[in-house]
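One-letter residues, chain by chain:
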Amino acid sequence: MIRDDLNKDAEYARAAYHDDAHGVQIRKKIWKVTFLLTLITIVEVAVGIFYSRAELGGESMGWLGIKLFYIILTIVKAGYIVLSFMHLGDETKNFKYMILAPYALFIMYLLFILIFESTYVLDALRTGM
Amino acid sequence: MAQAEEVENSVAWGGDGSPFRISYGKQMMWFFLVSDALTFGGLLAAYGFARHSVDSWPVAEKVFRALPAMDGDYPLIYVALMTFILIVSSVTMVLAVEAGHRKHKKGVIKWLLFTVIGGFVFVGSQAWEWSHFIHGSHHGAVLTEEGWAYVAGMEYVHEDGSEQVVMNDHHHPEIASLKLQFIDGGKYLLTGAEALTAYQTAEKNEAGNLLLDDGVGTVVKTAGAGADVSAVDIMVEGKLYREVEAKIGDENWEKVLGLYEGATDHIQGANLTENEYAPDVPAYADFFFFITGFHGFHVFSGVLFNLLILLQVVKGVYDKRGHFEMVEKVGLYWHFVDLVWVFVFTFFYLI
Chain E
1 MIRDDLNKDA
11 EYARAAYHDD
21 AHGVQIRKKI
31 WKVTFLLTLI
41 TIVEVAVGIF
51 YSRAELGGES
61 MGWLGIKLFY
71 IILTIVKAGY
81 IVLSFMHLGD
91 ETKNFKYMIL
101 APYALFIMYL
111 LFILIFESTY
121 VLDALRTGM
Chain F
1 MAQAEEVENS
11 VAWGGDGSPF
21 RISYGKQMMW
31 FFLVSDALTF
41 GGLLAAYGFA
51 RHSVDSWPVA
61 EKVFRALPAM
71 DGDYPLIYVA
81 LMTFILIVSS
91 VTMVLAVEAG
101 HRKHKKGVIK
111 WLLFTVIGGF
121 VFVGSQAWEW
131 SHFIHGSHHG
141 AVLTEEGWAY
151 VAGMEYVHED
161 GSEQVVMNDH
171 HHPEIASLKL
181 QFIDGGKYLL
191 TGAEALTAYQ
201 TAEKNEAGNL
211 LLDDGVGTVV
221 KTAGAGADVS
231 AVDIMVEGKL
241 YREVEAKIGD
251 ENWEKVLGLY
261 EGATDHIQGA
271 NLTENEYAPD
281 VPAYADFFFF
291 ITGFHGFHVF
301 SGVLFNLLIL
311 LQVVKGVYDK
321 RGHFEMVEKV
331 GLYWHFVDLV
341 WVFVFTFFYL
351 I
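Taken in sequence, the protein lines are chains E and F.
Heads up: the first sequence is residues 1 to 129, going by the numbering used here.
Heads up: the second sequence is residues 1 to 351, going by the numbering used here.
Isolated chain E (complex conformation):
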């Protein structure tokens, strides 16, 4: 019998050997992602310095926009790390979705419950009811 888990043509199978030309190609991609991640971090810090929550007001629309902006950039960063650095994007489709789908589902539930419940608690504290 042949162990097909070790014997696939995929990029990152255990015994997959990359020749030098392939290596150059992969490294080029790595540096590209590095540049992007660094750029995003710099933009985030710059925005944090120029648009402060203390100045905008924690409940203002402007701050809400910046919060969303940060969350989107964070998800972009996380996507690059998981799909490129951890090369989940190069694994089989089955495996990729088995890792991502349940996690995404659970996180969305956690987010819902934390926003819903904390809004209720804050409201109760403010109105005393």
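Among the clues, some could well be false.
Unchecked claim - Sample of chain F residues at the chain E side, in silico, Cβ under 7 Å:
| no. | residue |
| --- | --- |
| 1 | H52 |
| 2 | R102 |
| 3 | L211 |
| 4 | L332 |
No wet-lab data here; the hints were simulated from the structure.
All values reported here derive from a predicted model rather than from experimental measurement.
All C-beta atoms in this analysis are idealised placements derived from N, C-alpha and C, irrespective of residue type, glycine included.
On the provided structure of chain E, position chain F as indicated by the hints.
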């Protein structure tokens, strides 16, 4: 291209074709990372819940604004530097994995070594950050009649008339200048003449709220209408900081000094039960310690794993084995540590 590998039936996958076509070790590492990610997800969700269920929360760039061995104000610069170090060490890790796939042992050693160094630098930075957070600012926070305030600056006069900055000296009788920064929470009420002036002079946004120096104000009660408003109460939301500064001879010197000397409580630094950054929200420091601590513990164990694998590579274990997959497995863990930090950075420091 991979070579087919004959194995005995007793150890082989007995099904038709394996569903994931991934080696056992890598698959288990992914399973572990998913469960670990849920732990971090739980911590961050608890943090989000705690934060959203109170009125005010400290602004991170007011709390984390120092650099080691430097005076001055550098909001978030240090933590951005730490983030960058961790991203770079993630890059060197992926380069080590890449070298492993070319069976280029020297490359693996070089990049793994850089990764280990980057990891140690990050852990060291985290230790400094903790120490700074625990020891707090020079003067701490005091509870005045108007609420909690940072003592943001203080100088005092010697008998010979020269002035000097005081460090860690609470209630000094010869203070020459004093700066209080109020951190009493997200809301306060403007009433009387102060409110009326603000109402008449401040700009309004589209929603009709007043754009005050201290933040956005919402009118809660008015007597009269239009230009004939005679009394008004304004709720200022999102106000987190208000500064009062005075020197001897200033007109509000007596008031500021009185507030300071009449203080009934004092907190310096942070521990699990109280902290000067958010005196009314002890949970702020708790979440800082637990989230960054749990992450720091992951970084530390990751560095140890990387170091161990580096030694194995040097010893030639993986040359004998024929592949460098172990580098890839600890690499997954290391990238995960970076991934978690991306979220901690956003939700604890930026937002």
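Right, here's what the structure says about each hint:
Here the hint on H52 (chain F) is kept, as its CB sits about 3 Å from the closest CB of chain E, short of 7 Å. The interface hint given for R102 (chain F) holds, since its Cβ lies 5 Å from the closest Cβ of chain E, which is under the 7 Å cut-off. Of the supplied interface hints, the one on L211 (chain F) is violated, with its beta-carbon coming no nearer than about 9 Å to a beta-carbon of chain E, more than 7 Å. A hinted interface residue such as L332 (chain F) counts as satisfied when its beta carbon comes closer than 7 Å to some beta carbon of chain E; here the least separation is about 6 Å, so the hint holds.
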